[in-house]
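Here's the letter readout for the chains.
There are 2 protein chains.
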Amino acid sequence: MSIDNNFSSIIKEIQKDINETLIRYPFPDKPKYLYDPLKYILKGKGKRLRPILLILTGNAFELEGSDLKNAAIAVELLHNFTLVHDDIMDNDQVRHGQPTVQKKWDTSTSILAGDAIFVEAQRLVGKINTNSQKIYNRFNDVALDVCVGQAYDKEYEGKVEITLDEYLHMIENKTGALIGLCVEIPALLSNQDSKVCEELRDFGYNIGKSFQIQDDILEIFSNTKSMGKSLGSDILSKKQTALTITARKMVPKEWSDFCYIIKDYSIEQMIESLRSFFIKHNIYSEAKSLSDKYLQNGLDNLLSVPKANRNELKLFTNYLKNREY
Amino acid sequence: MSIDNNFSSIIKEIQKDINETLIRYPFPDKPKYLYDPLKYILKGKGKRLRPILLILTGNAFELEGSDLKNAAIAVELLHNFTLVHDDIMDNDQVRHGQPTVQKKWDTSTSILAGDAIFVEAQRLVGKINTNSQKIYNRFNDVALDVCVGQAYDKEYEGKVEITLDEYLHMIENKTGALIGLCVEIPALLSNQDSKVCEELRDFGYNIGKSFQIQDDILEIFSNTKSMGKSLGSDILSKKQTALTITARKMVPKEWSDFCYIIKDYSIEQMIESLRSFFIKHNIYSEAKSLSDKYLQNGLDNLLSVPKANRNELKLFTNYLKNREY
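Protein chains in written order, with this note's numbering: chain A, 1 to 325; chain B, 1001 to 1325.
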């Protein structure tokens, strides 16, 4: 078996284990108003990238046992909490290959389900016995970062003056902080010093930026089936994306004219035209380079991880780059 | 100064201190989308009953210092988190004497504000240094209880088959668990044994039931200005209340006829008729007795607190009974 095949089977195995734990999560039956949506959310087809990253980092620090597993499930639950609430705020209809909670039930059900998932995440963190207070505090600092990122995301909607730096700061909070937590928690579980922890947080910020920029690209250049959420929904809701900000910056006049022309297009026409525009004006390649730059920065941060065990993390980081959804 | 006057000044002083801490809460300025609503929520005219109870219990166990204060603010933030989200779910317009967040801003702002208040509560719990993991776990067990209680509350809306026992179980979770936490945390901070902690949790369940039944009564028999939320809104939204369940149980035929008659009344007429009905059929007095019974049970639970310092807690418990809003 080649290294890549071996790596692929490692992450599939972790993903399978995470999915099984989520599907068998020991929720009570009642009240159905609360637990039916929670079971529904956890059977969604999430990629489980965050717990996979956390487990791989745990492997790199030669950890095993329940602390690591609880932390892995906790970050996935934290992530799902934010998705459930973001989906209400953004009025998204599909998530992880199935209707969103507020689409299948309603807004109230969805708010409460998100709240309870977040509480479950905290309860798992509460089971961690090594360096528990520190990990608890980092977990909640990051939860706040994610709220801050989401607030900027909402605040920036439709504002044409938002710069690339503001956008990058927003996604550091919204996406990067949690990715950083996935690599920092194992470091804290193995009592690494603060220098290593800081380097790993930076890894999160860098990979978060790379990941989100790529997400923006995939939303336009991928197809809805594999992306699992409505195609182009961010563009249509006037959210800031790496592509639109870069277009405004590189070819302001052309972009402004283009936006005027496409506003009455059907969604399919619009996506098609956006693809052509972004490629023609080198905006696609510019955004791709930016994403690759942050990915490389992230790989550099990994030098803080013991050399002998660094390889899987590097492979995983490159795997993120090559994903198609 | 009489004992009562002295007690009154003690709780006013604690309330003032809590309010000042909340108003001066060190939120950053940006993002405004997040922090403007948070500042707005914390300047609302809440009664601060939960942090007052927590501080009084701390006094009874002869505690002082930052752990106690952080816990007091944390329970108030947890309470406010649930109010902000409940107000969306119940479409309430007024809270703590001012428009609700979703009324002043919108649903998205309100969801995110609630999330962030909850995270802030967790961050305060994370600063507690005595018995920290145990307190963290209890805090989140109770947060889940509150979600469970809210889920039952929503599930029971409009269902005429809900019994008094089901209602009481619902409010044990929704209201009692958090009141219990307010007395249990100081016990944990002073390393009391589990028997004392259990007795204090029971205090919470009992007082929670007493408090919520009284709340149901006040919603009909108080006036909107002092109650601070829309008069009769629970009745109108077909929520279960101690009064309506008791009416269904004691005089089913009369209640059914009455509900048919009042359905086209104006809100003012409806409230007036409900008052007459509940008094005439002894439903008011029945609910009042039930509330008093649980209050007395709660007072009995207080025997687990050191005798020398128990008095303020008893006074506070009786003060809850005599509140008019």
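None of these hints come from the bench; they were simulated from the model. Being a predicted model, the structure only gives us computed values, none of them experimental. Fair warning: there could be bad hints in the mix.
[Unchecked claim] One side of the interface only, derived from the structure: several residues of chain A facing chain B at Cβ under 7 Å:
| id | residue |
| --- | --- |
| 1 | Tyr33 |
| 2 | Ile111 |
| 3 | Val119 |
| 4 | Gly126 |
| 5 | Leu320 |
Beta carbons: idealized from backbone N, C-alpha and C, even for Gly.
Do the hints match the structure? See the list:
1. Tyr33: holds (4 Å)
2. Ile111: holds (5 Å)
3. Val119: holds (5 Å)
4. Gly126: holds (4 Å)
5. Leu320: violated (27 Å)
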